[in-house]
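Using the sequences plus the hints, can you model the full thing?
Listed below, chain by chain, are the residues.
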Amino acid sequence: MTQQHAPPSRAVDPWAAFGRLVAGVAIYATIGWVGDSWIGTSFLVPVGIVIGAALGLWTTFLGLRQQ
Amino acid sequence: MISADVSRAEGFTPPGPGDFDLQPLFGGTYAFAKPGLQLILAAVLVFGFFALTSRRAVMVPGRAQFAGEQAYGFVRNSLARDIIGSHDFMKFVPYLVSLFFFVLINNLFGLIPFFQFPTFSKAGFAYGLAALTWVLYNGVGIWKHGLIKYLKLQSIPGGVSGPILLLIVPLEFISNLIVRPITLALRLFANMFAGHLLLILFTLGGEYLLLESEQLLYKPVGVIALLLAIAISFLELLIQFLQAYVFTLLTAMYVQGALAEEH
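Chains as they are written, first to last, in this note's numbering: chain A, 1 to 67; chain B, 68 to 330.
Any given hint could be a false lead.
[Said to hold, decoys possible] Okay, derived cross-link-like pairs now, SDA-like style, lysine to any residue, Cα gap no bigger than 20 Å in a straight line:
hint, chain 1, residue 1, chain 2, residue 2
1, B, Lys219, A, Gly63
2, B, Lys286, B, Leu302
3, B, Lys219, A, Gln66
4, B, Lys211, B, Phe240
FYI, nobody ran anything at the bench for these hints, they're computed from the structure.
Next up, the structure:
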């Protein structure tokens, strides 16, 4: 076994995209919910969901471009 | 006429999550049921197989030693070395080999007569196994980089700078340290659970339609359902192998990600 196998610069975890989307939506929806109950509005949860999903997509894109 | 009969469903009780609550074999408060027994048996089998095939290892392997080396070599080369890289992988080979065959045997119990219950269709076992992987890759990362640097590597993606980091860091942190072990466990559990439920449904439903239904028309449908149950068993065989492979593959990937300098 003298053959060298160099690892990829970063493991391509096929589930990273899922994790990022779930994490993004969960965090920013929670922040939105806290904001909603603090200020008394009702639109911050959907805004948080959209922002979280967008950030999750963006980081996934960045991660793939790094390959 | 027939549709009315179907909607009444006669006396058939469809299988559900309740079918996974097995009678304890013994014990009161900390009841010990078949899945626990299978878990122990799988550990003994994996240990026994590799101990027997490697104990008196000789230069020219016999049949048993060859089988053991093939099994070991498969995980060592195609999972550990190709993912983690030739520099660090040997340290993790023992864990990855045991993990793969432990999960594989526990999954195969779902089809082996007299067991016929995939151990990891009980979510608790899958969470325990994912917790081991979580401890492993975080431990490896902290050991290699130190706590602060490791957390930095795990939560700051490469190529991002400026105030946007404030939004990205919590996302990356949660996705790498909290979502990962949960999806790892859920994937294994859900696949085993759904597959077993499907098998129960087709076998019990087929048996009911064929033997207990009073409608003559239903009997051929019962035969079809039982034939499909056999086909699904083969599909399950594939999924059981695949899930053991994926679990080990992702464990190796997480270890590699924790070791990597650049994230």
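Right, here's what the structure says about each hint:
1. A threshold of 20 Å between alpha carbons decides the hint, and for B:Lys219 with A:Gly63 the separation of about 16 Å falls inside it, so the pair holds.
2. Between B:Lys286 and B:Leu302, the direct Cα distance comes to roughly 25 Å. Violation of the 20 Å bound is thereby established for this hinted pair.
3. With a C-alpha separation of about 17 Å, the suggested pair B:Lys219 and A:Gln66 falls inside the 20 Å cut-off, and the hint holds.
4. As the CA atoms of B:Lys211 and B:Phe240 are separated by approximately 18 Å, the hinted pair is consistent with the 20 Å bound.
Hint check: a violation occurs at hint 2 only; the rest are consistent with the structure.
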